[in-house]
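The listed protein sequences correspond, in order, to chains G and X. When we follow my numbering, the leftmost residue of the first sequence carries the number 407, and every step to the right adds one. When we follow my numbering, the leftmost residue of the second sequence carries the number 407, and every step to the right adds one.
These are calculated hints, taken from the structure and not from any lab test. Be careful, since some hints might not be right.
Said to hold, decoys possible - Below 25 angstroms or equal to it, Euclidean Cα-Cα: the simulated BS3-like pairs (lysine-lysine) are:
| # | chain 1 | residue 1 | chain 2 | residue 2 |
| --- | --- | --- | --- | --- |
| 1 | G | K1007 | X | K454 |
| 2 | X | K454 | X | K524 |
| 3 | G | K451 | G | K876 |
| 4 | X | K1007 | G | K964 |
| 5 | G | K773 | G | K818 |
| 6 | G | K451 | X | K779 |
| 7 | G | K1007 | X | K876 |
| 8 | X | K876 | G | K414 |
| 9 | X | K451 | X | K414 |
| 10 | X | K818 | X | K779 |
| 11 | G | K632 | G | K674 |
| 12 | X | K451 | G | K876 |
| 13 | G | K818 | G | K771 |
| 14 | G | K794 | G | K772 |
| 15 | G | K773 | G | K794 |
| 16 | X | K964 | X | K989 |
| 17 | G | K818 | G | K794 |
| 18 | X | K779 | X | K674 |
| 19 | G | K964 | G | K989 |
| 20 | G | K876 | X | K989 |
| 21 | X | K773 | X | K451 |
| 22 | X | K876 | G | K876 |
| 23 | X | K1007 | X | K991 |
| 24 | X | K964 | X | K454 |
Every value quoted in this text rests on a predicted model; they were computed, and no experiment measured them.
There are 2 protein chains.
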Amino acid sequence: MPYGYNGKILRVNLSTNNIEVDEPEENFYRCYFGGRGFVSYYLLKELKAGVEPLGEGNKLVFAAGVVTGAPIGGCGRNSVGAKSPLTNGYGDSEVGGYWGTELKHAGYDAIIVEGRAKTPVYLWIRDGVVEIRDATHLWGKTTAECQEFIRQELKDPGVRTAIIGPAGENQVRFACILNDINHAAGRTGMGAVMGSKNLKAIAVRGHNRPPLANPEVVSALGRWVKENIHLVRDLHDQGTAVVLTRLNREGGLPTRNFQEGSFEGAGKISGKTMRETILVGRGSCYACPIRCKRIVSVAEPYQVDPVYGGPEYETLASLGSNCGIDNLTAIAKANELCNAYGMDTISTGAVIAFAFECFERGILKKKDSDGLKLNFGNASAMVELVTKIARRQGIGGLLAEGVARAASQIGKGAEEFALHVKGQEIPMHEPCYKQGMGLGYAISPTGADHSHNMHDNLYMALGPQLEDFKAVGILEPLPVADLSPAKVRMLVYYITWYYFLYCLVFCQFVPLTWNYRQMKELVRAITGWNSTVWELMKVGERCLTMTRAFNIREGLDKDGDFLPKRFFTPFSSGPLRGVIIDKNKFEEAKGVFYSMMGWDKRSSGFR
Amino acid sequence: MPYGYNGKILRVNLSTNNIEVDEPEENFYRCYFGGRGFVSYYLLKELKAGVEPLGEGNKLVFAAGVVTGAPIGGCGRNSVGAKSPLTNGYGDSEVGGYWGTELKHAGYDAIIVEGRAKTPVYLWIRDGVVEIRDATHLWGKTTAECQEFIRQELKDPGVRTAIIGPAGENQVRFACILNDINHAAGRTGMGAVMGSKNLKAIAVRGHNRPPLANPEVVSALGRWVKENIHLVRDLHDQGTAVVLTRLNREGGLPTRNFQEGSFEGAGKISGKTMRETILVGRGSCYACPIRCKRIVSVAEPYQVDPVYGGPEYETLASLGSNCGIDNLTAIAKANELCNAYGMDTISTGAVIAFAFECFERGILKKKDSDGLKLNFGNASAMVELVTKIARRQGIGGLLAEGVARAASQIGKGAEEFALHVKGQEIPMHEPCYKQGMGLGYAISPTGADHSHNMHDNLYMALGPQLEDFKAVGILEPLPVADLSPAKVRMLVYYITWYYFLYCLVFCQFVPLTWNYRQMKELVRAITGWNSTVWELMKVGERCLTMTRAFNIREGLDKDGDFLPKRFFTPFSSGPLRGVIIDKNKFEEAKGVFYSMMGWDKRSSGFR
């Protein structure tokens, strides 16, 4: 007798203060699983085509998954999705910490936020009781201040929060939402959507862990992770920053707005250097033994508050090498400010790097930059710009729009240096180096994105992945710089599985210790569903197709599946000298991808 | 450390007497698995487009699979494939018995037969030693006579044979190949291809069972089948004929050339009646405890030799109800003759039913029929026609061409009564009743075929299947008479799995006792491959796509994906009165199928 999963979806309308609870049937959960699956389902079903992302008609969906809240590492995450103010297409972002677990323990799988509050509010959800509370006094506060106020007000230091900072309030297009003030739902501007709804925070507290179909198997898998933690030892030791040194060596570290692939100052901003200098602790998500999160503290020249955690690899590269900056404490400060103001560190660094390049090329001048010298390597200008952007002060108002809109306002050829796909800034993985990921940037429904994407080199790097790829029909390793049909197939299978993980809102790192079959066992042990890997891959495929369908409806067809011109121009030096994405192969590879997904080649829509 | 499958492919050219052995690398086996996978691979790779099916340029592939020969029920089968003389497209047929196992034990996974012998020959393969031997003295012999001669000549009563009878020699377009004289590779005319090559038989003897990666798991799965054999008790008790009574009751028993769906004489030809009258034993395939095969014996009015086994459901319906015949002994005799002459019982019955209808409608007259009264229900005429067809005597020469070619020769509107797809006669499952199977008939690469197809009602009938469908993403049962997109998805997933089973050349019935996961475990236990159901489904999908690609190359595009007009006309009486395949829904469903497979809608080829 299968266990029979059941759950609740909370719906809150901030225009009417109406609160409803749906209890979908089990098949709904088994079709969509949660996370990105729920987000794409509700956005596709309930949003009007052409809705204004920052208008009352957009909906903001917070979604956990069917496994979220189970007592095992990887299950503490949630998605946040809405139509994106950055791309005008499908938007969502995943985030770790404890908030997703707390939401499940409070009785809900997801929250759909509709409408717009007249004045600032926050939501308070405690064991199934939901309240819309005034947040006028919290408006303008940093995330840490806001969390502190809420915990005091609710008289419960155990309250978990999802909060926006001033950047979200000011509708910076790449504003993020912070879980527990140091885990960011960073990308696609979900913080701006939350700000546009006058929703400052969602505070949750729950005491009821959903039952498990087979607790023994969950425990056994938890033990497996602990016993095999050596496989991800580096992630514990150096955090995600562990990849920085190798990428730099191989020429894949974005440097000075992707003009180069190696950075002379890489050694100063590496995971190892961080560990040996400013690291004071390691943070975690719910029930996870890996503890890949950093906690840093700096006294001078910048004072960095450890409550905001520490920089990830993406942050070190975007605010560091990609801005030509080798000053680790400045990067740590900028990271702290991004978390305090609620801004995506990738897009923030990218928009600053863009400004630096425009300045160096004379497209932006001192009169445009509030007198700042926007040169690559100028750490204090970088730190100052973070605040200007969050507060939309001076040039910050321009950059708060993201590189695509900023370039179009600037004109004078600035577009060439605005590195984005569909309006979202390129993350810190060089597409000429990881060409599968480059193709993934182009076809991702959220614009340039590295999370729902393939890491071309993983297949060769990790044991369990080797078995996993064989188990999904990829029998041989493929070169990193390759866009053959076989590589495209690898991308399709790889991201199909990742889309499934993002329907679960499961961590990417915990599964590095095990294989697809164990992932399937975990699903069964929690839900009772006797699924096969085929079923789970089909969940991922369904979700990928729904996000595509959403974008097609919004007018984002294959013309949105591009890469900036820069990536078709070879590096003139460094390890990747002469390596290039071949434009014809790239276009061909896109066609193969569409065909494999069953999408029409001409519009990349549906036949 | 994976086990590392390895094997050998034998290649015999009868024009040059050249014999070669290939040893493909492991990835080849893991991509294609065997059976239909190998057949489609070799035909697609090695046949020239437009090759004459009965000419020297066609190749005949006998293929076992990676699990064939393992000591567990279901693993005793093999495929035989070539370009079909019936459809001019992709042809193959699967067959049980002991021959496939013996081939593996003799050291080969497959045999590719090329060219054409100048005079009749047979192959003799013993533990890796291959010999082309004269068969002039065997030409014209029935299958039983031939097998007896070969065993005496080789002085080994344990020799296993794949043989053609006079029908194959005479290139009857639906001639078959018999394993062990009573297991037929029945469909698509493979016996005619073998005849065209002057190849009378392949005799094999092997003493080396391939090693197993994990013998304990194979044994455990074998025990599981025995312990759960009650799930397929009816198949043991009544054979495949067990379905006849229910189909008749529900209106799905093809009667008088598909003019009706219920037969007043059904009770006289049912599995129960057979068991209670002429059944003298139950036959089996290698290592199988189910023993679904029938052995019948009749003394008069017809003498039926038990060495040829007994009729399956398909035979009882095609030579029985569909010819309006309720005389079980006459059907048993016709079945014996079909096995002795080497003719597919489905197409044989279908072409006789076609002749009966043409005669009753005045399209064929007594002068055309060698004086026989070809009325529905005329059992003696039916039995006589079987011999005439095999020997191409009189009207038999016309009918030996199959219904499509015969109708076109007859003219006078006979085409309307020639029930086939792509030239292959419709098997004994009413497409208005099982509409998923009806669609499957239309899109099958081999023309109308029930084996690589879905049985719409199985989902509701069987426990393990219910779990299996959920495990591949089909969460709810669907009506039998339905062609909705959800039903098409069910068809796609169902036949994808079946194509995988036909790459394994695994039995359809043994897996009724277990589920997809156990099938995957069996593959792992035999090969050592740590596959997922996703990988196995992709093997099936790959194979289905290769067979399609072969047909596209031969000019068989979507216009070949039709159903005869009769199935769009409602029954005027019986349980299915008024039930019809809606023509528009049918065309729509085809489009959904193509889209799901990633095939172009216009040509149903590839984009």
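Hint check:
no.	hint	result
1	K1007(G) <-> K454(X)	30 angstroms, violated
2	K454(X) <-> K524(X)	22 angstroms, holds
3	K451(G) <-> K876(G)	36 angstroms, violated
4	K1007(X) <-> K964(G)	20 angstroms, holds
5	K773(G) <-> K818(G)	16 angstroms, holds
6	K451(G) <-> K779(X)	65 angstroms, violated
7	K1007(G) <-> K876(X)	31 angstroms, violated
8	K876(X) <-> K414(G)	22 angstroms, holds
9	K451(X) <-> K414(X)	18 angstroms, holds
10	K818(X) <-> K779(X)	19 angstroms, holds
11	K632(G) <-> K674(G)	31 angstroms, violated
12	K451(X) <-> K876(G)	24 angstroms, holds
13	K818(G) <-> K771(G)	12 angstroms, holds
14	K794(G) <-> K772(G)	15 angstroms, holds
15	K773(G) <-> K794(G)	15 angstroms, holds
16	K964(X) <-> K989(X)	15 angstroms, holds
17	K818(G) <-> K794(G)	23 angstroms, holds
18	K779(X) <-> K674(X)	23 angstroms, holds
19	K964(G) <-> K989(G)	15 angstroms, holds
20	K876(G) <-> K989(X)	42 angstroms, violated
21	K773(X) <-> K451(X)	47 angstroms, violated
22	K876(X) <-> K876(G)	24 angstroms, holds
23	K1007(X) <-> K991(X)	15 angstroms, holds
24	K964(X) <-> K454(X)	21 angstroms, holds
Of the numbered hints given earlier, the model fails hints 1, 3, 6, 7, 11, 20 and 21; all others are met.
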